[in-house]
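Please build the complex by placing chain B on the supplied structure of chain A, with the hints as guidance.
There are 2 protein chains.
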Amino acid sequence: MPADSSARMTTKTTRLAAAAIAAATLCLSPALSAQDNSATADSLAGVAEDALENDPIAWDFVEGITTEVGPRQAGTEAEARGRAWAMEWLRERGFENVADEPFELDTWVPGDVWKARVTTPFAQELIVQPLGNSAATPVGGMEAELVYFPTVDDLRAAPEGSLEGKIAFISHEMRPAQDGSHYGFAGPARWVGAGIAASKGAIATVIKAVGTDHHRNPHTGGTSFPEGIDPIPAAAMSVPDAENLERMFERAGDKPIRLSLELNPRRIGIQKSGNVVGEIVGRNPGLPPVLLACHIDSWWNAPGAFDDGAGCAIVAAAALNAARIGQPLRTIRVLFAGAEETGLWGSKAYSAAHIDEPIAVGLESDFGADRIWRFESNFRGTNADLHSKLAKAVARFGVADSTIVATGGADLNIARDQDAAIIDLQQDGTRYFDLHHTPDDTLDKIDIAQLRQNVAVWTSVVGILANESRAIRTGTPIPSAPAVMDE
Amino acid sequence: MPADSSARMTTKTTRLAAAAIAAATLCLSPALSAQDNSATADSLAGVAEDALENDPIAWDFVEGITTEVGPRQAGTEAEARGRAWAMEWLRERGFENVADEPFELDTWVPGDVWKARVTTPFAQELIVQPLGNSAATPVGGMEAELVYFPTVDDLRAAPEGSLEGKIAFISHEMRPAQDGSHYGFAGPARWVGAGIAASKGAIATVIKAVGTDHHRNPHTGGTSFPEGIDPIPAAAMSVPDAENLERMFERAGDKPIRLSLELNPRRIGIQKSGNVVGEIVGRNPGLPPVLLACHIDSWWNAPGAFDDGAGCAIVAAAALNAARIGQPLRTIRVLFAGAEETGLWGSKAYSAAHIDEPIAVGLESDFGADRIWRFESNFRGTNADLHSKLAKAVARFGVADSTIVATGGADLNIARDQDAAIIDLQQDGTRYFDLHHTPDDTLDKIDIAQLRQNVAVWTSVVGILANESRAIRTGTPIPSAPAVMDE
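Line order of the protein sequences matches chains A and B. Note that the working numbering has the first sequence beginning at -17, numbered continuously upward. Note that the working numbering has the second sequence beginning at -17, numbered continuously upward.
Because the hints were derived from the structure by calculation, they are not lab data. Wrong hints could be hidden among the right ones.
Here are the simulated SDA-like cross-link-like pairs (lysine to any residue), alpha carbons at most 25 Å apart as the crow flies [to be verified]: (1) Lys237(A) with Glu74(B); (2) Lys182(A) with Gly169(A); (3) Lys97(A) with Ala118(B); (4) Lys97(A) with Glu59(B); (5) Lys97(A) with Asp212(A).
Chain A with its partners taken away, still in its complex shape:
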C-alpha cells in the first residue's frame, strides 16, 4: 500500500527532507540571479524529471501543515494558524511579497455534540456529523419518525407538508470515478436535500454521506437553505450507517423507525479570514503573472492532506522548481485561498480585490494528490502552439492531451471573471471521495510517488508559462477586464 510506505517515510525522512529542501533553496537563489535566462526545454525537462524522482518540497509542505496545524475550519483560529504557518513556510523557501490579504465571512462552526440513535424498533447508535450551515437541535436532542427517500428526486416528489414533524433520511449511491463526475449525481442530497426537506415541513434531515468509502466517516460539507426557509438540523451519516438504516427499513416493514438526534453547531457571526499570497518575481514584473491557486482551509474534521494541503504543496513546489532554471520572465504568484469550503469566500474576495490586475493564466490544484492524467486548456484553438507545447511537455509523465475546454476550479474565480487563460491538470479522483471532508483525510493517504508526478507535471507547465513572452489569447471575447495584453 502506498499509504503504508509513505507513512513510514514520514517520520524517518523529515530531517533528510529538510536537508534536501535547504539544498533546493540554495539552488534557487543563484538561479534567480543567474544571467542565463533562456529557459531551454531541456533544462526545464531535467528539473521536472528530477522532481518526479526526488521532489522533497511538496511533501514537506503537506507533512508540515497536517502535523503542525491540522484541521483549519474557515473563519477560526485554526485557519489563522494555517495562514501563519504557510506564510512562514513560503518566506523560508524564498517566496517574495508574501502576504495575508484579509477578508471577512459569516461563520458557521460545528459544535461538539453530534449524536444520533435509532430508538425503535432496532435501537442502535449511528455515527453522524453536521453539515455546514446546519441548525442546532434543542439541547438534549429531538426524536421523531424517519421518512426514507432513496434519492433526492423521491424527496422532491413528496407532497408539501408531508414531512411535518418528521426527519427526512435521504440516501443514494455514489460511485468512484476517475474524473469524480459522480459527485454531480450524488452531491445534491447534501447540497439541497435539507432545504427541500425543510420546505416540506421536516424538522431535521440526515443523509447518506456523499462519499465512496465504507468506513465510519460521515463526509461533511456545506448544505444550503432556500430564501425564506429557516435552516433545520442537517447531518451526514457514514455510508455503512446509512446502509444499516436502509436494512432497518427493509426489516421493519410497517413499523415506524424513530431517530433521536442531537447537534449543536452554531453561527458565530462575521469573522476574519485571509488569502495567503506569495511570488517568485519575474524579470518583467509588468507582465501579467501566472496564478497558481489552491485553498488553505479544510473542514474542521479533516486534517486536509488531500483537500487541499496537497494542492498548495504542489503549486508551491512547482513555482520553486520552475525558477530553478533561471528567474522566470513572468511573476509566478501562488494563491492559498481562505474559506473555500464554506462558500469560496477567499476566491471571491481575491477576485474583487484584484479584478483590475490581469493575470496571464490561472491553474488550480484541488483534487487530492493522485496522478495527473489529462491536460486541458481554454486556448487550444487560439494559442495552438502553446497548447501543443504544453501537451508535449507533460506527455512524458503519462498525461493525455484533450479537446475539453478548461474551466478552472473553485479558487480561480478571478480567471473566470477576467475571461483569462485557464489550464486544468486533471488528477485521478478514484480515491478522492473516499477521503473528501472526512477525518480520514490524513497524510498517510498521500502516495509520495504520485504527489511527485503532480509536481513534475506542474513544474513543466509552470516553467513554460512563466517564460512565455506572448499573451495567451483565449477563445472567449473579453468585453471589460482584459486578461490579455499586447506585450
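This is chain B only, laid out in the frame that chain A set:
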C-alpha cells in the same frame, strides 16, 4: 471490492435470502426425521458444495444481528438484546434446547466523553477511545507532558518514578499477517502498557491502536493493571493520529508536547450476562456432543460483524447444513458465549457449569469471515484416520492440512479443561486487524463468497464429526474429566 458487492447485496436480497432460508429450513425438518441416517460422504459433500455457492443462513444471521441489534457490550442491555435476538433466531431455524445460561461479571462501560488534544506546540485534536478497564480522568480532563516510547520495551526500560505526573505515549508497528501472528508482537502495548506506565508514576497512557489499518479508528480492547496498581486513564488513538504524534515529536525537538485528555469510563459493578446455547439433537443424545463455539458480545464501538457475528453465523449455518443429510448421530451444540471481550467470562462460566459433561470435540469460529486456509487438530497422531478424512473433505475448498496441534480459541475453555479433541479451522486474518474492535467492524466488510467458503468447510467438518461413532482420542492424557468415552 468485496465490500461494495456485499453491501449492495445486503439491501437488495434480504427478501430473497429470507425465502431461501425458509426453503433451507423446510429441507431441514424432513431431514431430521429421515430414515436414511447413513451420512454418506457424497451427500455431505453435496450439501457443502451447495453451501459454498448458495448458503443464505450465515449471511442472514450476521446481517440480522448487526442490523437489528448492533454493538453488544458485555454486561449491558445491548448484549441482553443480542442474546434474545439470537435465541429467537435459533428457535426459528429449528434448534432445540435453546437457552440463555446466565452468569455474572464485574462490568466496565466506556462512558461517552473521549477527548484528546495536543495543546502545545502543535495544537490539534486527536481521535481516541478508552481501553477496557481504563479509569476516568477528572471531569473537565487533565493536561500533562507526553513521554514517547516507541515500544513497550522502551517503556519497561524507563526508570522507576520517571513518569510522575506525565502521560505515557506508547507507539509500535503492527503488520498484517495471514495468521494474525503479529498481534502477539504489537498487542502488549495495549494489554500491559498502561499498567507498566502506572507503576512508574504515569497519570495516563495513550497508545497507538493495535491495528493494521490507516483509518481514524482507535481500536479498543482490554488492558489490565497489576495487583496493587490503581488503574489510570488509558486510551487508544488511531494509527494516523499516532503517526501524526510521532511526527510532532520529530518536529518539536526539545520542546515538550502536552496533551489534554478527558475520558469518563466507569465500573458499574456486577451485572448479568449469559451464554446462549442451542442444539441439533442427535440420534444418540447420550454420546458426547460436538461443540461449536463463538461469542455474541462485541465492544461497544463495534457492530461486531467480523468479531464475532460472522463466527456465530458460520457455526449455526454449519450445524443446520450438517443436519440436511439426516439427523446426526451425535448432538451438535452451538455455544454463543457472552462477555468474551472483557475477559472470557462466558467461556469460563460455561466450562464451570458443564465440566462434568464430556464433549466429543470442540471447534470455534472467531477470526472474521475470510477464507479458511488451514486445518489443524489435536488428534492427528491418535485418530489419524479421522484427521485424514477431515483433511481430505476440506481440501476441495482450498484448505491445507497441517501438523500444527490445535489449541482452540477463547470460547473453548471447556475443551481445554476437559483435554478434549479440538479442531482449528484457520481463517485468513490479513484484514482482521483492520477492523478488530473498531466502529468499522460493519456488515459491508463481509465478503459473502468467503463467508460461504467458511460455511462449506464447517459443514464438511461438522457433518463428519457429528456422525463419527468412535470416541476421538487425543494425544493428551486425561486425568480427571474424561473427554472421551467408550461408546
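Hint check:
no.: 1; hint: Lys237(A) with Glu74(B); result: holds, 21 Å
no.: 2; hint: Lys182(A) with Gly169(A); result: holds, 20 Å
no.: 3; hint: Lys97(A) with Ala118(B); result: holds, 21 Å
no.: 4; hint: Lys97(A) with Glu59(B); result: holds, 19 Å
no.: 5; hint: Lys97(A) with Asp212(A); result: holds, 22 Å
Hint compliance for this structure: no hint is broken.
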